[in-house]
Each structure stands twice: as C-alpha cells, then as structure tokens.
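Chemist: Based on the sequences and whatever the hints tell you, model everything.
Going down the list, the sequences are from chains C and W.
Going by the working numbering, the final residue of the first sequence carries number 1216, and the count climbs one at a time with no gaps.
Going by the working numbering, the final residue of the second sequence carries number 190, and the count climbs one at a time with no gaps.
These are computed hints drawn from the structure, not numbers from a lab.
There could be a bad hint or two in this list.
Label-pair restraints from in silico Cβ distances [stated by the list, open to error]:
hint, chain 1, residue 1, chain 2, residue 2, range
1, C, GLN1169, W, GLN14, 29 to 37 Å
2, W, LYS131, C, MET1209, 34 to 42 Å
3, C, ALA1201, W, LYS62, 25 to 33 Å
4, C, MET1139, W, GLN23, 37 to 45 Å
5, C, ASP1215, W, PRO137, 31 to 39 Å
Here are the simulated lysine to aspartate or glutamate pairs, EDC-like style, with alpha carbons at most 20 Å apart [stated by the list, open to error]:
hint, chain 1, residue 1, chain 2, residue 2
6, C, LYS1203, W, GLU45
7, W, LYS178, C, GLU1142
8, W, LYS177, C, GLU1176
9, C, LYS1203, W, ASP17
10, W, LYS90, W, ASP124
11, C, LYS1197, W, ASP47
12, C, LYS1203, W, GLU156
13, C, LYS1211, W, GLU52
14, W, LYS169, C, GLU1142
15, W, LYS62, W, ASP48
16, W, LYS90, W, GLU156
17, W, LYS68, C, GLU1157
18, W, LYS177, C, GLU1160
19, W, LYS68, C, GLU1159
20, W, LYS160, C, GLU1176
21, C, LYS1197, W, GLU43
22, C, LYS1213, W, ASP17
23, C, LYS1211, W, ASP48
24, C, LYS1213, W, ASP124
25, C, LYS1174, W, ASP181
26, W, LYS169, C, GLU1163
27, C, LYS1170, C, GLU1142
28, C, LYS1211, W, ASP17
29, C, LYS1174, C, GLU1142
30, C, LYS1214, W, ASP19
31, W, LYS11, W, GLU45
32, C, LYS1197, W, ASP124
33, W, LYS89, W, GLU43
34, C, LYS1181, W, ASP47
35, W, LYS169, C, GLU1159
Sample of chain W residues at the chain C side, in silico, Cβ under 10 Å [said to hold, decoys possible]:
hint, residue
36, MET10
37, LEU35
38, LYS62
39, PHE64
40, GLN67
Using N, Cα and C, we set each Cβ at its ideal position, and we do this for glycine too.
Okay, here's what each chain looks like letter by letter:
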Amino acid sequence: MNFEQFQNQSRLYVIGALEPEEVEEFEKARQKFGKKAEDFIAKCYALHEAFALSLRPAKSSDAIKERLMAMVKAKKDA
Amino acid sequence: MKGIQAGDADALSQLYDRYNGILKALILRVIHNEAEADDLLQEIFMEIWNQAKNFSPQKGKPLGWMVTLARRRAIDGLRKKQAYARAEERLQNETEQQPDAWVHNATEDEIMLSDTRVLIRKVISSLPPAQQQAIDLAFFRGMSQREIAAKTNTPLGTVKTRLELGLKKIYDGLKDLRDEL
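Modeler: Structure below.
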C-alpha cells in the first residue's frame, strides 16, 4: 500500500467503515509509515467534528443538565 | 478540559452549555428518538467527566474527542436496542432531524458555529447524492461497506469508491477550516 492509498483508507478507518479484512492491511501500513501515518490519522478525525458541526444544534431540556450536575456532585461528595 | 480534569464541576457546566446542542444533534441523527437522545446525552457528559483524564490535547481538540465518544455511544445504543427498523421508519418521516425553531438569543459561539455549519454543509452538498448517502450511512448509522451495499443494492466496490471519493472531497474541501476544528 502506498501513502496515497493509506490516506484513502485512513479516512474510511476514522469513520469505522473499513471491513475487517482491510483493517489488518491498514494496521501494517500504519506501522510502516510511522509518525507520518499517525499525524494523518489525527487530521482525519476532523471529519468527525465536521459531520457533527454540519447538523443544526438540538435543544435539550434543562432537566438533563440539572440531573447531570446532581450526579457529578454526588460523585464528588461520595 | 483542564478544569474538568482537575475535578471542577463548573468547567463541566460550561462545557455542557457550549456543546450540548451539537452532541444532542449528533445523537438524534443516529437514534431518532428525543427521549433516548436526552438520556444518552446525560450519560455521555457523565462519561466525559469520568474519562477526562484520558483526553490528550496532543491528539486533537476537545470537541473531536467528545464527538467521537458520542458517536460511538449512540451507534452502540442503536445496535443494542436493535432499533434499525424503527429508526428507519422515523428517518423516512423526517426531512430534518430538528424543528426549525431554536429560539433564543444567539451567543457569539453559536454564530461562529452557525457560519462553520454553513461552510461544511456547502462542501457536503457539493457531493453527488450517492456519495452523500454512503457517507451518511457509514458515519451516522455505523454501517459497514457490506451493509451499505446491501441496503442500497449497490456493488461493494462501488460503495467503497463512493466513500473514498466523497470523504476525500470533504477532507480537501475543509482544508481551510481544519485548523479551526
């Protein structure tokens, strides 16, 4: 696998779309390309943020935050 | 995130105020159920609180870490409940996952995010519909290439090509935004 192919596979990898038989080959290439590979994969995770930011934010009820903060307080106090 | 890592509950409160809308939208897009999305949102922020020590700024921005976590939890939830059929039915009935009204005074953060959303949507909508569909099914529904091929009655190789081309176009199209994300 050359680096351009690795880049294509990386974009599939970060969204979990590689098939199991492709993952093994991807991991071998990842080792082969070392830091360059890790840096590229880290950049690809920006796709996650982009997809999330492409959605219109949804309103959640105030009760959710109240429950969350109560749980956090209980955990801290425990 | 530093505050949360130090056990500061106020920092979590601020993080929640800033990002709950984005994460809720993502969860809703996956599971299409308001009540389940609220429950999951609460669980995810609790996990953020519990797992904050595992966040490393060297590996990316806090939002990216939270989105990855939220997406994984939402897709796990969808699979566990075997709700594909119900979600599909709802999906067909919904053109938008959210009502238009999100009525309150927008903060500077929200205005910035709104501009970002417009830019990202412009890039995504420039893709052919088949590429958009393949990416949507892979990212928001956690489908494998084989599952997408079966669902869309498309050869596996075509699905792979659509995903590769579509993701590359989005990745390249977001170059200018990437440092901000």
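Chemist: Minimum Cβ distance from W:PHE64 to chain C below 10 Å?
Modeler: 13 Å, violated
Chemist: With the threshold set at 20 Å, check whether the alpha-carbon distance from W:LYS169 to C:GLU1159 stays at or below it.
Modeler: Status holds; Cα separation ~14 Å.
Chemist: Are the Cα positions of W:LYS11 and W:GLU45 separated by 20 Å at most?
Modeler: Answer violated: W:LYS11 to W:GLU45 is near 29 Å, above 20 Å.
Chemist: For the pair supplied as a hint, C:LYS1203 and W:GLU156, confirm whether the alpha-carbon distance does not exceed 20 Å.
Modeler: Distance of about 36 Å is beyond 20 Å: violated.
Chemist: Next pair to validate is C:LYS1211 with W:ASP48; report whether the Cα-Cα distance is within 20 Å.
Modeler: With a Cα-Cα distance of about 18 Å, the restraint between C:LYS1211 and W:ASP48 holds, given a limit of 20 Å.
Chemist: Between C:MET1139 and W:GLN23, does the beta-carbon spacing fit 37 to 45 Å?
Modeler: 43 Å, holds
Chemist: For the pair W:LYS131 and C:MET1209, does the Cβ-Cβ distance stay inside 34 to 42 Å?
Modeler: Holds - the Cβ-Cβ distance for W:LYS131 and C:MET1209, about 39 Å, lies within 34 to 42 Å.
Chemist: Compare the distance between the alpha carbons of C:LYS1211 and W:GLU52 with 20 Å, and conclude whether the hinted pair is satisfied.
Modeler: 15 Å, holds
Chemist: Taking only the CA atoms, is the gap from C:LYS1213 to W:ASP17 under or equal to 20 Å?
Modeler: Cα-Cα ~12 Å, so holds.
Chemist: Is C:LYS1197 within 20 Å of W:ASP47, Cα to Cα?
Modeler: Judged against 20 Å, a Cα distance of about 10 Å means the pair holds.
Chemist: Between C:LYS1197 and W:GLU43, does the CA-CA distance stay at or below 20 Å?
Modeler: Since the Cα atoms of C:LYS1197 and W:GLU43 sit roughly 10 Å apart, the hinted pair holds (cutoff 20 Å).
Chemist: Does W:ASP124 lie within 20 Å of C:LYS1197 when you go C-alpha to C-alpha?
Modeler: 18 Å, holds
Hint compliance for this structure: hints 5, 10, 12, 15, 17, 19, 20, 24, 31, 34, 36, 38 and 39 are not met, and every other hint is.
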